[in-house]
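Asker: Given the structure of chain A, go ahead and fit chain B onto it with the hints provided.
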Amino acid sequence: MFILLAALISLACTTRVSEWVLLNALPNQYTLVYFHKGSVSESVKNQNQKLAEGINTANIQFKTVSRQEIAESYYGLYYEGRFFSKFMTVDELKGLSSSPLREKVAAELMAGKLCVMLYLKTDNKEKDDRGLNTLHSAIESSPFNKIITVVELSRNSREEHHFASLLLNVEDDLKDIQEPMLFGIFGRFKALEPLLGGGISGENINLMIDYFTAECSCLIKDDLPGTDILFRDQWEHPQTALLNKIIDDNPMLGY
Amino acid sequence: MQIDTLSYDSLDSRPLPEWLIDQKSGITTIQPEEIVMREDHSLTISFIVTGLFIILLVALITLYINRKHKNQES
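Here the protein sequences come in this chain order: A and B. Our numbering numbers the first residue of the first sequence as 5 and each following residue consecutively. Our numbering numbers the first residue of the second sequence as 2 and each following residue consecutively.
Isolated chain A (complex conformation) (with noise of 0.2 Å):
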């Protein structure tokens, strides 16, 4: 019986924190809410119902909500109660749940990598140079280098203004800081709260990938951090973390 149960509890334990998020951790659930005054025209409700179809594999869901006090029509994206953004026509939504930099995360994250590192930058050449050189070299110095994935952003991207918009959301004061900031981004794209600026330094960097590679104790699957990133739904059958391997040959990066 005791045997038994340390063999159950050694297997709990040898799944790292990337892994353990990946394969069970279900992404929270944004509300995209149509407020409207009065009645709603067959147009705008046939407009909406393409709008909820063309989302409906994201983690997302669509409601309509009639309000009186309001001048004109809107739609509030919510996370969690939080609210993200107010879009005033159905043509600002376009891409909402999907953009080509998004599919390029899910993709390294399907494919077993640790995580993705996303540096967003503010478009002030020395700022964010400085940021970026700091990770660079602590990536290259990491043991797990290959399997951390590197992205850049600009904040000002009109491709992926959606995108930059929801990591701007991932907390309430990131709009108003006009500095680089690195994302941590593993699971089915959770992304940490970040370190920007002058945080960016090689010790918390390493302390991210500590974060990632830790064995997933109780504390950290009842309390996962960060905020989930609107993404259509894919996260069936991913490759093997290509972190076990590397602890494997190596046991003791595994401590």
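For the record, the hints were derived by calculation from the structure and aren't laboratory data. Quick reminder that beta carbons are idealized off the backbone N, C-alpha and C, glycines included. Take these hints with a grain of salt, some might be off.
To be verified - Chain B is nowhere near these chain A residues, computed Cβ spacing over 10 Å in every case:
no. : residue
1   : Asn28
2   : Ser43
3   : Gln51
Claimed, not checked - Have a look at the derived ranges for each label pair, beta carbon to beta carbon:
no. : chain 1 : residue 1 : chain 2 : residue 2 : range
4   : A       : Asn248    : B       : Arg39     : 36 to 42 Å
5   : A       : Asn137    : B       : Ser14     : 24 to 30 Å
6   : A       : Gly202    : B       : Ser47     : 33 to 39 Å
7   : B       : Gly27     : A       : Phe87     : 56 to 62 Å
8   : A       : Lys98     : B       : Gly27     : 33 to 39 Å
9   : B       : Ile22     : A       : Asp127    : 28 to 34 Å
10  : B       : Ser47     : A       : Asn248    : 45 to 51 Å
11  : A       : Asp214    : B       : Ser43     : 35 to 41 Å
12  : A       : Asp127    : B       : Ser14     : 35 to 41 Å
13  : A       : Lys129    : B       : Gly27     : 33 to 39 Å
14  : A       : Glu163    : B       : Ser14     : 52 to 58 Å
15  : B       : Ser14     : A       : Ser169    : 23 to 29 Å
16  : A       : Thr68     : B       : Gly27     : 44 to 50 Å
Answerer: Showing chain B alone in chain A's frame:
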């Protein structure tokens, strides 16, 4: 929830992310078993036992030799 103003004076005084605080304090990793140092009396006990053994042995040998001497004298 949106906020209008920052709740801190500078970026340096901005609170660190919770996950980073936890990593710095090491509470998200499985803690190794804490080793508690206990006073080790084994060496003292060993000396006392050895000393007593030697004293006892010397006493026994002395008694034995004394008796042997007495027997030879009588």
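Asker: With reference to the structure, classify each hint as holding or not holding.
Answerer: Do the hints match the structure? See the list:
With a minimum CB-CB distance of about 17 Å to chain B, A:Asn28 clears the 10 Å threshold, and the non-interface call stands. Interface exclusion of A:Ser43 from chain B stands, the closest Cβ pair being 30 Å apart, more than 10 Å. Once the 10 Å rule is applied to beta carbons, A:Gln51 is consistent with being away from chain B; the minimum gap is 27 Å. Our hint of 36 to 42 Å for A:Asn248 and B:Arg39 holds, since their Cβ atoms are close to 39 Å apart.
Between A:Asn137 and B:Ser14, the C-beta spacing of about 25 Å keeps the proposed range 24 to 30 Å intact. About 59 Å separates the C-beta atoms of A:Gly202 and B:Ser47, a value inconsistent with the hinted range of 33 to 39 Å. Here the CB-CB span from B:Gly27 to A:Phe87 is close to 35 Å, at odds with the stated 56 to 62 Å. Checked against the given bound of 33 to 39 Å, the beta carbons of A:Lys98 and B:Gly27, roughly 45 Å apart, lie outside it.
The beta-carbon spacing between B:Ile22 and A:Asp127, approximately 30 Å, falls within the hinted interval of 28 to 34 Å. Checked against the hint of 45 to 51 Å, the C-beta distance between B:Ser47 and A:Asn248 comes to roughly 49 Å, which is consistent with it. Distance hint for A:Asp214 and B:Ser43: a CB-CB separation of about 40 Å, consistent with the stated range 35 to 41 Å. The beta-carbon spacing between A:Asp127 and B:Ser14, approximately 25 Å, falls outside the hinted interval of 35 to 41 Å.
The hinted window of 33 to 39 Å between A:Lys129 and B:Gly27 holds, with their beta carbons roughly 37 Å apart. Restraint check, A:Glu163 to B:Ser14: a C-beta distance of roughly 35 Å breaks the suggested window 52 to 58 Å. The hinted range of 23 to 29 Å is satisfied by B:Ser14 and A:Ser169, whose Cβ atoms lie roughly 26 Å apart. For the pair A:Thr68 and B:Gly27, the supplied restraint of 44 to 50 Å holds, since their beta-carbon distance comes to about 48 Å.
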